[in-house]
Each structure stands twice: as C-alpha cells, then as structure tokens.
Amino acid sequence: ILNVEQSPQSLHVQEGDSTNFTCSFPSSNFYALHWYRWETAKSPEALFVMTLNGDEKKKGRISATLNTKEGYSYLYIKGSQPEDSATYLCASFSGNTPLVFGKGTRLSVIA
Amino acid sequence: GEEVAQTPKHLVRGEGQKAKLYCAPIKGHSYVFWYQQVLKNEFKFLISFQNENVFDETGMPKERFSAKCLPNSPCSLEIQATKLEDSAVYFCASSLRGTAEAFFGQGTRLTVV
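Line order of the protein sequences matches chains A and B. Under the working numbering, the residue at position 59 of the first sequence is numbered 99, and the numbers go up by one with no gaps. Under the working numbering, the residue at position 14 of the second sequence is numbered 100, and the numbers go up by one with no gaps.
None of these hints come from the bench; they were simulated from the model. Treat the numbers as computed from the prediction; the structure is a model and nothing was measured. Glycine is no exception: its CB is placed at the ideal position from the N, C-alpha and C atoms. Possibly wrong hints are sitting among the right ones.
As the list claims (entries may be wrong) - Partial list, derived from the structure: chain B residues whose beta carbon lies under 7 Å from chain A: (1) E128; (2) S162; (3) Q166.
Unchecked claim - Below are the DSS-like pairs computed for lysine-lysine, each with C-alpha atoms no more than 27 Å apart in a straight line: (4) K99(A) to K169(B); (5) K113(B) to K118(A); (6) K169(B) to K154(B); (7) K169(B) to K82(A); (8) K109(A) to K99(A); (9) K118(A) to K130(B); (10) K148(B) to K143(A); (11) K169(B) to K95(B); (12) K169(B) to K130(B); (13) K130(B) to K148(B); (14) K109(A) to K130(B); (15) K169(B) to K98(A); (16) K148(B) to K99(A); (17) K95(B) to K106(B); (18) K95(B) to K97(A); (19) K106(B) to K154(B); (20) K113(B) to K82(A); (21) K143(A) to K130(B); (22) K169(B) to K113(B).
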C-alpha cells in the first residue's frame, strides 16, 4: 500500500491567521488526490478531489494545490475561524491501489 | 439510497465472539471501502471493492477478517473470534469511481470486552 504522509500532525492558530498544511504521496501511477474535513463525532466530508498536475481548487476560504510530479498537495485556509477546527485528511488514489489516507492534520483555531 | 448507511451504530462483543458489520453504499456507486479507526485521526485501510469484486485487500488481517459485497445486498465485514484489539470504529465509504469523492457512513463502533 502506498504511503501518504501529512504534516504537521497538529496545529494551533489564532482566529484570523492564515495557515497551510502538506500532504505528500507517491507520484507514480497517480490518479487522484482527495482532501476531506473531519469533525469529531461526524464522518469525513470531501473538500476537494484533484487529478491534474497544477490543479488549484477553492471553496470559500479554503483552497488546495496539487503537484503530481513531485507528489505533494497543499491545503490553505485564509483567515481561520473557530469553525474551521477539525482534522484535515488527504487521500491518494493510484492506478492499482485503493483510496489510502494520511494520518491527518488536526487544526485548532483559538478565538 | 442517498447516503451510505452503516449498521449497527454500536456493537459490543465478548472476546472470541463473531462480529458482523453492514454497509449499504449509495446507489450507483461502484467502489466500496472499509476503514478501521483505532486511534484518533488514523484511518487504516482494510479492503475495497469494485462492484462485487475485491479491488484490494492488502489491509485485511489474514485471519479472522472477511468481507463481501454481493449484488442486491448490503456489503458486510465479518470478524471471527474477536480480540480486544479489534475494538475500533469501522467506517465504510462509497464512490462513483476512484477519482470521485468518497462518501462516508457514520461508522460502527465495535467494542470487544
């Protein structure tokens, strides 16, 4: 099973700060990179699915970029709010392997 | 259905007993994934299906764990002779295709006592 790594493991930011975190994945035979937001006691919900090198996607204050050649994706949150507090998971889908998740980055936004 | 339905929500089993978990994927979705969440934030892949065929089972413990996705039936994950370390939340997810977003069920919390 391919290895998906996320950093940092956890992050504390002040309300209003912008922040970003990283997902790295093996670049060979790549099909898609997924980002999910997971709040405690709920199920993960998809934020973005990206497939093309150089893809950039945006949803409100959250955006993501993808580099398939070097095998990384960044998730950015602009002007963090307390409701952004959650665990952010990335997952990679390659040609012959299933959707494999990283361990996530736990974000806490302090008011 | 419009959402992934997992049953039961909670399951308690004595060590050595069998546990069976069910997942009804969203209608029309070809892929089904099972994950085990033991520690917070860590989704351990178990097995995936493409329709009723096993797509990848490299995450499944070789003994005691089995899974099926048969036509016109919910998918199932069965653990024979449960052990204490099997206690976890088991999530099922389905997607239209590998490059599409996965939709998760609410999970089944298995407690082995």
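Are any of the numbered hints broken by this structure? If so, which, sorted upward?
2, 3, 4, 5, 9, 15, 16, 18 and 22
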